[in-house]
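Novice: Sequence order for the protein chains is E and S. With the numbering used here, letter number 37 in the first sequence gets 37, and the count goes up by one each step, no holes. Offset between the second sequence (1-based) and the numbering used here: plus 1000.
It is worth saying that the hints were derived from the structure and are not from the lab. Don't be surprised by glycine CBs; every beta carbon is placed ideally from N, CA and C. Keep in mind that the hints are not guaranteed to be accurate.
Estimated spans, in silico, between C-beta atoms of each pair [stated by the list, open to error]:
#1 Ile73/E to Thr1275/S: 32 to 38 Å
#2 Lys1225/S to Glu142/E: 54 to 60 Å
#3 Lys21/E to Leu1264/S: 38 to 44 Å
#4 Asn124/E to Asp1061/S: 55 to 61 Å
Here are some, though not all, of the chain S residues that point toward chain E, as calculated from beta-carbon distances under 7 Å [as the list claims (entries may be wrong)]:
#5 Asp1235
#6 Leu1236
#7 Thr1238
#8 Leu1244
#9 Glu1246
#10 Gly1249
#11 Ile1255
#12 Pro1269
#13 Arg1270
#14 Ile1271
#15 Ile1272
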Amino acid sequence: MQVSMKLEMKDSPGQLVAALKPISDVGGNIIAVIHQREPGPDNDTLDVQIVLELPEGRLDKLVVLLQEQGVHIQRVDEERLLYKRTVIMIGHLMHTDLSDTVDQIDSTGFAEVCELSMSMPSVNERSSSRLTIKAVSKDDMESALAILRRVCRQKSLFLIEPLEEIA
Amino acid sequence: MKVALIGLGSVGRGVATMLAKKDLGLTITGIADSKSGLIEDKGINITKVLANKKKTGMCGDSRITAIDVIKKADYDALIEVTPTNALSGEPATGYIRTALNRKKHVVTSNKGPVALSYKELRALALKKGVAFRYEATVAGAIPIMHVLEHGLAGNEILAIYGVLNGTCNFILTRMADEGLTYEQALMEAREMGYAEADPTYDVQGIDAAIKLVILANTIWGNGVKLGDVDRTGIDLLTADALRLAEEEGCTIRLIAEAIPRKKLIRVSPRIIEKTHPLVVEGTLNALTLETDMAKEITLIGRGAGSIETASAIIGDLLFIRDCHVQRP
């Protein structure tokens, strides 16, 4: 089971390690830790988003252990893929093995194609498809898109990427 | 201030018409088209010349060439608005060089010389103590160069994104709104006079890439060239692709972008939310600048047209008059 948790803890030395320890105690595996250090009115708490893999049935125990450490759990989602991007591919998608194209993303372990819409006008014409990709982190999304760019180049597919939000 | 006008196509006629109509204190003392020229130190009667051009196809005496006007006429600033040659930049680059060497200010709408020889022409203008301005080369009437140079002076420009080709934007707008195929939308653009018989230059993103090169050189002085731009056009887009984008509340636009910190300079069709400020309709242009102090600034306006381009040229001329010529 993959879980994403938003935790709030005291911003003092050793707190983060103490909060992460119960995860290994219940046999969990940490995939990503994302700090969200937002300056608030009182700057003594720290928000952390954690993505982890957990054996089935251990979540309740983890929640109890975390609370014993003084960690406040703001949210628990059984969704590990936090980043979403939609791209469009145009070309001979079936003839170039669409399932292989999708598999190249899915087999990474950090990103997957979660939605696919397709239109095939006629046998010899190019088809168009919309793919939504989810990934664990922003960097993983970049890696997934880099893979897709390479695959599209190899298969002579035309890839249209989204305009990134202006950072 | 006295000016010489080289080129009497759509842009040149727009400038001449506005100078005749508006009392801006600018006198044309030399004029030339591809076949003829005219020099009158006391000032040319523009209305008469334009009527003559319409009737005979010539603005003056066929024995006087453009280079004669540039070399011999008495003027303060040269207006160079001959057709763009994106490969050689000629004859415009030669015209500009000659005028700068005579210590004359130069205003141009010609992308060729600026994209190909920016460093050289800028250095020559500096050496001769005159201005070299080219507001009209990028995004038509939008005063992007003035905004960069004056309005945002002191800002670090972190990135630039824009819709810089009206023809592509028109085609994409029509494909999205009416479900037309690329071929149908292109045909419509031709009928409306927005696309050339050979649309390659526009639809393959070359025009947008040249404008991006001009912007990047102006902002960062990084010497990038057309060949450095990672470029994809719109000619392979399908109507289905636009429909698929539409289903997500998005559309597709040809976006030119330069982000130095990512070493990125690119022109490509992109999926973009329909509510995004860069999603403009028809032949409009739009540009977003991301800066350290002002943060994001977006400018939207007409990217082409005879009078619209004349607006950018006249803005440059009056800037030169107020900041260089009349300065004690």
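Novice: Enumerate the violated hints, using their earlier numbering and listing them in ascending order.
Specialist: Violated hints: 2, 5, 9 and 10; rest satisfied.
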